[in-house]
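Participant: Protein sequence lines correspond, in order, to chains X and V.
Every letter in the first sequence is one number past the one before it in the working numbering, and letter 146, counting from 1, is 146.
Every letter in the second sequence is one number past the one before it in the working numbering, and letter 98, counting from 1, is 98.
Quick caveat, the hints were computed from the structure, so don't treat them as lab data.
Mixed in with the good hints, there may be bad ones.
Identical copies go unnamed one by one, so any copy, or any two together, can satisfy a pair.
[As the list claims (entries may be wrong)] Using 25 Å as the maximum straight-line C-alpha spacing, the simulated DSS-like pairs for lysine-lysine come out as follows: (1) 270 <-> 25; (2) 112 <-> 218; (3) 218 <-> 154; (4) 142 <-> 154; (5) 270 <-> 161; (6) 285 <-> 171.
2 protein chains.
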Amino acid sequence: MQPILNSHLNELDEDIFHHFGFTTKSFDFKQKFGDVKFVCVCGSSNRIHNFAISMAKLSGIQLPVENIAGSHARFVLYKVDHILFADHGIGIPSTLILMHEMTKLLHYAGCKDVLFIRLGTCGGLGVKPGTLVMSDRCVNTKLEPYNELCILGKPVRRQTKVDLNAVNELKKLSENLSLQCSVVVGGTITANDFYEEQGRLDGAICSFSQEEKLAYLKSAYDHGIRNLEMEGTAITSHCNSTGHRAILVCVAVVNRLENDQVTISADDFKLFEQLPGKLVGEYLKRNSGLIAR
Amino acid sequence: MQPILNSHLNELDEDIFHHFGFTTKSFDFKQKFGDVKFVCVCGSSNRIHNFAISMAKLSGIQLPVENIAGSHARFVLYKVDHILFADHGIGIPSTLILMHEMTKLLHYAGCKDVLFIRLGTCGGLGVKPGTLVMSDRCVNTKLEPYNELCILGKPVRRQTKVDLNAVNELKKLSENLSLQCSVVVGGTITANDFYEEQGRLDGAICSFSQEEKLAYLKSAYDHGIRNLEMEGTAITSHCNSTGHRAILVCVAVVNRLENDQVTISADDFKLFEQLPGKLVGEYLKRNSGLIAR
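Could you build all of it, start to finish, from the sequences and the hints given here?
Facilitator: Below you can see the structure in the form of structure tokens.
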């Protein structure tokens, strides 16, 4: 797919990355980022920092891994060999900001066809807590494969295709590793809320019954949906429009056909949230994400 | 307005606040939170922490102000006298999570008619950087006074009224203080993106011209809009539905009729982002937010 270019960027003498806390004059983007092949993202700054550290250890790089983002930034940014790491916060709007600034960074650095990998937590649908769900498609809460923006007051829909080649490679790889968890490939719903939009009964407001909730979730299951989260359509649609690729590897922390609340123990949560990184880390190592030392 | 009750909550023996990292069994909510009259929120955890500290100093409370949220929480939570403080991240989805868990907390604590105050940064419309904008209404990017959710696949619109009494009180108060900044009352657009949805030309993707952008922003200005941000309709609509009240006090860091990028210096940014707290802090002190010691 051809990237949509923004010709207005050519008119800027200096481009300020407001949420990264640096500008195009802070350093030489081609020199600093020109070798990037992968971008790993997740919701929380702590979790992505820990993943960057684990990749640095795998690569034999001296710690600590320094945060490239400025001190007043809203996101963190780390780099290990050919991989960038950042957090995107919660939800599509926060994630779109990260995606705009990250793909501008790659544009100035001359990087093309980069694979974005979201390592997330999610609600599973018909799968046990601790199951890895890799998305074969990303849909909104109406089960449509689009992200909709409202640009200058008018609706614009963008496709949300995932890179199925990478999904298949990761699926095969998972079968050769002893991950001690199930790996499922299925559809992903991206919602704009954790409670009502995901059909939870335990928010401050709830206008539907247990039966109506289950009818919605079971219908989604019958359409091949296996998890619900809050950022997938933002990442895939933005990559589809900028010439990059995207996949989502999320771990279920609850089975939404059985429960709304996340009742697993703190220890299990800690263990589960590291599972996407175990699979993705191995994939990156085998696919030239790291420099052989 | 009558609060919408969620009768499903009565069926829970223990309610897990997933993003605050505690449960209804962690402490006695009535005893710990029963005297809350105000909830102050902003996007960043650091900024709200600093504001909580400044209120604690005003009240003569011993520092530090302890974070009530659990160690694996996604939001922070502080309390000083009758005021709670929390961060909501960026955008409507992240903010809705905070609002669901915060209003459940107030529900269990028995607090009614609480005033939520968002202290934010924003893009100004026809106002200089450093101007305080207090919202007299909150609209989406189509200039409609609603927040739209998609619940079980179907669209639901909720009103976004602000508490005009509190806005008028704050406006009057601002005239009696030497704030060294302008205070403007006007409409607020809440967008689902920082770049394209706010008509910026400097994102990674841009499909419109400078002329089309200005036509949109000038039309909004003519409709009384004075700033653009990313959370207002989430906070107001959720308060409208749960029997609480909400106001927004945001400082402009750019005038969008003149610029897209935030070009003010880091020192000015630091100074400006404290302005909402200066006005709101004085308001809270005079309106029984703090206990006289």
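Participant: Sort out which numbered hints this structure fails and list those numbers smallest first.
Facilitator: 2, 5
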